[in-house]
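Here's the letter readout for the chains.
Protein chains: 2
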Amino acid sequence: MNLHEVGEFGLIDLIRENTVADPSAVVAGIGDDAAVYRPGAGLYQLLTTDMLVENIHFLLARTTPWQLGYRAIAVNLSDIAAMGGRPRHAVVAVGLPPRLPVEFVVALYDGMKEICREFAVNIVGGDTVASPHGLVINAAVTGEVAPDGLLLRSGARPGDAVVVTGTLGDAACGLELLLTEDWERHEFAWPLVTAHLTPRPQVATGPLLAGWGATSADDISDGLASEAHEIAKASGVGIRLYADRIPLSSQLTAAAVLLGKPPLDYALYGGEDFQLVFTIGQDKVGRLAGKGGPLTVVGEVTAREDGVVLVAADGAAAALRPRGYNHFR
Amino acid sequence: MNLHEVGEFGLIDLIRENTVADPSAVVAGIGDDAAVYRPGAGLYQLLTTDMLVENIHFLLARTTPWQLGYRAIAVNLSDIAAMGGRPRHAVVAVGLPPRLPVEFVVALYDGMKEICREFAVNIVGGDTVASPHGLVINAAVTGEVAPDGLLLRSGARPGDAVVVTGTLGDAACGLELLLTEDWERHEFAWPLVTAHLTPRPQVATGPLLAGWGATSADDISDGLASEAHEIAKASGVGIRLYADRIPLSSQLTAAAVLLGKPPLDYALYGGEDFQLVFTIGQDKVGRLAGKGGPLTVVGEVTAREDGVVLVAADGAAAALRPRGYNHFR
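Protein chains in written order, with the numbering used here: chain V, 1 to 329; chain P, 1 to 329.
Extracted from the complex, chain V is given alone in its bound form (with noise of 0.2 Å):
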């Protein structure tokens, strides 16, 4: 069946099915001019938007439509982490070939209602259109938070420890061993494949940092070397790491061999784990031990004059620059 056989309302009849989570707070979802809501009571609103397209951010090759759903999805719900809040609401657009099977957009669907369900996060709206030359994703996501929960990235103090959630260029990894021939004779290779075609975002971690003590937070989405100086830049800080301290799977270190590439530049300079980052005083840091996961220190907040800096295994220094990431190559 094609879309133009069911039209935009037959196909939004196919997928509003399972889409409210959390009913308590949505007064109206799908089907009207706009999903209306009741805030949670002395809340901050959170909102945050991500787009994702063809041949840029997945090829249909090598990407399943639930897949692809979960994926647009756990995104925003990364940002939302990041701010300290709990993701709460999804308004979901897309841009569908017309010739794109109706099987296709409900698979796409289910993945995103797969994560959606998880993490008690509703889908009230959203649009559909037609996109003659490549399927487009864009899903925006509201969360709340606490006034006093909440962490932005500027407020990272000197002395402050910087410490990561998990283990670091796995996505990276995982998407440059999707782009080879043979990846799945790899035993290494599917969890880092699949660390990047449907990332666990810290929707569990986000929410508690502020209560640990941490003074800045930030996804990881560009690399740990970008998000160091997005928080360095943010707050005014400078920020050492220290090489031999950031966690690296143990199948990160065994692809990296096969491919040929330092196994840190992927945690460095590659994309997409949607970790977190964030700093917290030292003195803090000893109460983190066996809290959330897997949690380590990378490294300190220093001056700004001192910059952002790698400390390499045998102690030397160098600055740390984000490798010319660039959406418009």
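Calculated from the structure, these hints are not laboratory results.
Among the hints, a few may not be true.
What the hints assert, rightly or not - Quick look at which bits of chain V chain P covers, simulated, 3 or more residues with Cβ under 8 Å: (1) 145–152; (2) 257–271.
Claimed, not checked - Here are some chain V residues the structure puts well away from chain P; computed CB gaps all over 12 Å: (3) Phe9; (4) Gly84; (5) Pro294; (6) Thr296; (7) Thr302.
No experiment lies behind these values; they were computed from the predicted model shown.
Just so you know, even glycine gets a beta-carbon here, dropped at the ideal spot from N, CA and C.
Assemble the complex: chain V is given as a structure, and chain P must be docked to it using the hints.
Frame of chain V; chain P shown alone:
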């Protein structure tokens, strides 16, 4: 200057000025992972999104970037107005062909900022990505409405009057004119083309409707026939419209002669007027005179089994169908 030269961060620096028209509620705008704002006390939050795709919703040869930016926001404000709400904050994602000049993107945002300034809406965030095969613009806009000011499509009651704002069909006729070679030489064409390129959403009127006693509302984005069906379906009622009461501009009447089509067709089946249609108790219609711009009673709400009907000037009634409007042709 092209996008490759300035890069994503350079581009953001160019467009982030003057994005906050009403700073009172904004805690953090452009420049962090998500925008942060204070919701109005006791108000419902509204959220809507619309995607505009090159060669589907606009032709770059027939619009300026400023007009396109204006329109991308206008269509969303119209959705907020149709809920009875006041628009507040916007996030805008753009998919940009890499060869697009930077000046084009700056003008695009200038058009957005102009309509945002006009209606005190803040651009608080967004996403800028590459799009290899055409320009894509997606805006998501929040709004606020007091619970007793909210208007859904589902509140129409048999006996209500059906009322529209402004004149209908101008934008659809303007689009047809815009696709002809020599529309500029017809004086009547200018307001019609303007109605298509830079529609003015009913931001002032929307929030007044519930206070007047309106029972349901919709914005007229797909033609009056389609919107009448949406209200009828959502409310479980029928709707009877009178052909000779539907307000048409003199310019539309003149242009329809040139284009060889019945002028009423543009009002009934044309899209993107972004006027409002609402229902209201007959006893309250008398009090609408002189309120908030031109208002015209075009019909009445009937019982569901009567369906959606158009009564011609000669009194003959016939079922009114939305004309197979399908984005996926």
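Hints versus structure:
1. 145–152: Per the Cβ count (3), the hint holds.
2. 257–271: Our answer is that it is violated, as 0 residues pass the Cβ test (under 8 Å) against chain P, missing three.
3. Phe9: Answer for Phe9 (chain V): violated, closest chain P Cβ roughly 9 Å.
4. Gly84: violated (10 Å)
5. Pro294: At roughly 21 Å from the nearest Cβ of chain P, Pro294 (chain V) sits farther out than 12 Å, so the non-interface label holds.
6. Thr296: holds (20 Å)
7. Thr302: It holds; Thr302 (chain V) is separated from chain P by about 22 Å at its closest Cβ, greater than 12 Å.
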